[in-house]
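S.K.: As given, the protein sequences belong to chains A and B, one line each in that order.
Counting from 1, position 17 in the first sequence corresponds to residue 17 in the UniProt record's numbering; the numbering is continuous, with no gaps.
Counting from 1, position 62 in the second sequence corresponds to residue 62 in the UniProt record's numbering; the numbering is continuous, with no gaps.
Bear in mind the hints are in silico, worked out from the structure with no lab data behind them.
Any given hint might turn out to be false.
The list treats identical chains as one, so a pair stands whether inside a single copy or across any two.
[Claimed, not checked] Here are the simulated SDA-like cross-link-like pairs (lysine to any residue), alpha carbons at most 25 Å apart as the crow flies:
(1) Lys-48 to Arg-61
(2) Lys-74 to Thr-37
(3) Lys-28 to Lys-74
(4) Lys-48 to Gly-35
(5) Lys-28 to Glu-4
(6) Lys-28 to Asn-64
(7) Lys-74 to Glu-33
(8) Lys-28 to Asn-15
(9) Lys-74 to Gly-35
(10) Lys-18 to Leu-36
(11) Lys-28 to Asp-2
(12) Lys-48 to Gln-23
Chain residues, written in single-letter form:
There are 2 protein chains.
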Amino acid sequence: MDNEANRYLIQFGDNLRKQRIAQVLSQKQLAFETGLTREFINRIENGKVNISLTNIMEIARVLNIAPKDLLNFK
Amino acid sequence: MDNEANRYLIQFGDNLRKQRIAQVLSQKQLAFETGLTREFINRIENGKVNISLTNIMEIARVLNIAPKDLLNFK
């Protein structure tokens, strides 16, 4: 993965963590609701893995936010 | 893939096609610029495949739009 892509994954992870914490959800709870594993949620939040559009949609659905709210990049 | 996920992929594909055509780019040109195959671009635009966040970012970069502009869903 190149640096640019990596930078975006890190920002995406930061956005996700902020939204999750704002809703007082644990990684474990978010994992349960989305059907993803806690380990995968953790790796997403740390910008360590790529994520698919359908998983972005599923996470946004559980957080009750618009998917694009997770794609605010500087 | 469930119906809900599929619906989003179709909308994403529609958004992408509109943005690409607005910039008078062919699928072949977009493929060349992003390093993806024309077949993959075609399948994305038809909502037939899932797409990763890093590929969304790369396509948005080439189209010179914000990634979230591709995630406008009704």
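S.K.: Decide, hint by hint, whether the structure agrees.
M.R.: Structure-based check of each hint:
| no. | hint | in the structure |
| --- | --- | --- |
| 1 | Lys-48 to Arg-61 | both (22 Å within a copy, 21 Å between copies) |
| 2 | Lys-74 to Thr-37 | neither (28 Å within a copy, 28 Å between copies) |
| 3 | Lys-28 to Lys-74 | neither (28 Å within a copy, 29 Å between copies) |
| 4 | Lys-48 to Gly-35 | both (19 Å within a copy, 22 Å between copies) |
| 5 | Lys-28 to Glu-4 | between (29 Å within a copy, 23 Å between copies) |
| 6 | Lys-28 to Asn-64 | within (17 Å within a copy, 37 Å between copies) |
| 7 | Lys-74 to Glu-33 | between (29 Å within a copy, 23 Å between copies) |
| 8 | Lys-28 to Asn-15 | within (17 Å within a copy, 33 Å between copies) |
| 9 | Lys-74 to Gly-35 | between (30 Å within a copy, 24 Å between copies) |
| 10 | Lys-18 to Leu-36 | within (18 Å within a copy, 32 Å between copies) |
| 11 | Lys-28 to Asp-2 | between (30 Å within a copy, 23 Å between copies) |
| 12 | Lys-48 to Gln-23 | within (23 Å within a copy, 33 Å between copies) |
When each numbered hint is compared with the structure, violations occur for hints 2, 3.
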